[in-house]
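S.K.: Between the sequences and the hints, there should be enough to build the whole structure, so can you do that?
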Amino acid sequence: MIYLDYSATTPVDPNVLDYFVETSKHFFGNPNSKHLLGIESENQIKQTSAKILSLLNMENSEVIYTSGATEANNLAIKGVANKYKNQGMHLITSPYEHSSTVASFSYLTNLGFEVEVLESRSDGLIDLAELKRKIRKDTILVSIALINSETGIVQPLEEISQIVRSNPTTIFHSDMTQAIGKIHVNANLVDLMTFAAHKFYGIKGIGALIRKNTVQLEPIIHGGTSTTSVRSGTPATPLILSLGKALECAYENFDDKFSHVVHLAEYLRNELTHCPNVFLNSTNDSVPHIINISLITVNSIALQNFLQRRGVYVSTQSACSSSNGYSQLIYKMTGDDLRAKSSIRISLSYLTSLQEVINFISIFKEEVQNASH
Amino acid sequence: MQVIRFTALWCTSCLLMKSRWNTYFSSIKQAQITDIDFDDQNDICNLYKIGNILPVMIVLNEKKEEVLRIVGEKSLKELHLLLDEVLE
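From first to last, the protein sequence lines stand for chains A and B.
This note's numbering puts the first residue of the first sequence at 678, with every later residue one more than the last.
This note's numbering puts the first residue of the second sequence at 236, with every later residue one more than the last.
Read the hints as simulated data drawn from the structure, not as lab findings.
Nothing false has been slipped in among the hints.
Derived lysine-lysine pairs resembling DSS-like cross-links, with alpha carbons at most 25 Å apart:
#1 A:Lys811 x B:Lys312
#2 B:Lys312 x A:Lys809
#3 A:Lys760 x A:Lys889
#4 A:Lys762 x A:Lys889
#5 A:Lys760 x A:Lys814
#6 A:Lys755 x A:Lys814
DEER-style ranges, computed between Cβ atoms:
#7 A:Asn1036 x B:Asn257: 50 to 58 Å
#8 B:Phe260 x A:Asp1013: 30 to 38 Å
#9 A:Lys1042 x B:Val306: 34 to 42 Å
Here are some chain B residues the structure puts well away from chain A; computed CB gaps all over 12 Å:
#10 Met236
#11 Leu282
#12 Glu300
#13 His315
#14 Asp319
#15 Leu322
#16 Glu323
Predicted, not measured: the structure shown is a model, and the values here were computed from it.
Even for Gly, the Cβ is constructed at its ideal location relative to N, Cα and C.
M.R.: Here's what the structure looks like:
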């Protein structure tokens, strides 16, 4: 098997899994209980939160644990909108967001909020001047993902942050699900950030929303105060501790892991650009971990199936489509229907070996050859 | 005239078009608008042969015949060009 879909999810790091098992045995007490076992669990969670904030160089912030990034995005967007609606009902987002962000905003439009989506551009970046123009006195939230999951394009967080902060009443949320564990992030540039453990070799079912203490949120799950006042429910102590462990592991030998992926990506990009009928949809602004391409002679689902039969796993993007793998985003960026129909995402990891990439190229070239006949 | 709009909650183009539609239809009083959810109302989507690209807007005349179909993102100017004459 050649797994090249690490941006969809990652295999769990054995150290994280061991830690999860150990902590499940030792810290089973309900952190909301006031007896010793509960207090022990609660303390473990507090220590984990402190570790997460330290790893992300964040201060004066709270870690709110969620079931994943989807819930965290929902809480950030709906939580801000409902809390601050008396100050304004204008919200801004980008055309490069995850479906959980888009769906949260769509839900809010049905409640009467005014949501503006920035224009998409051929380079996959937002137009900073447009963002500046669109922020108004009643803009309560700007939500822009740091990295687009389909193309890997990284948005200029610092410039965006500067623009948003020019209006002191606007809160800046960034979905950093594809960024954490892949690149160094200056989390202090945002007021709210989202991520999920399974994208960086953690366990599925745990994510977080980090909020600056200055930001208030209206809960979306009600049920009384737990480790936080904005997300009720018995905290999943072992999962929470495993999230901290996964983040810690992600930052170990970070530069070496990153260099390895850069090397693989350079090799892969170079090989792919020499294949006939192949177009690179990722750009120089993309992280090396994500390479989006179109082999315009083959529909993306057909290519995915061909590769799967050969033991290679990549992904297609089917947002705004039913099941044919049509990528609205690639269409918007390139204006090319063929590229939109044939786009696939190859995502790499520090676990990917050069031999796997070489084998992938060899299998992929077979399909290129087949498709040209 | 009846206008049927097909959207999905997770669709960026639908979110974008909702705001343009709101602007456009704020001045069109005679159109009877029905919104259909792509995920929840499959039967109606199938009936109108909604394809792979969203959003879709269909205009029906008084005999319930389809007179216009707009697929995907359109600018406000394009909406005026396509719809003004039909909805007159």
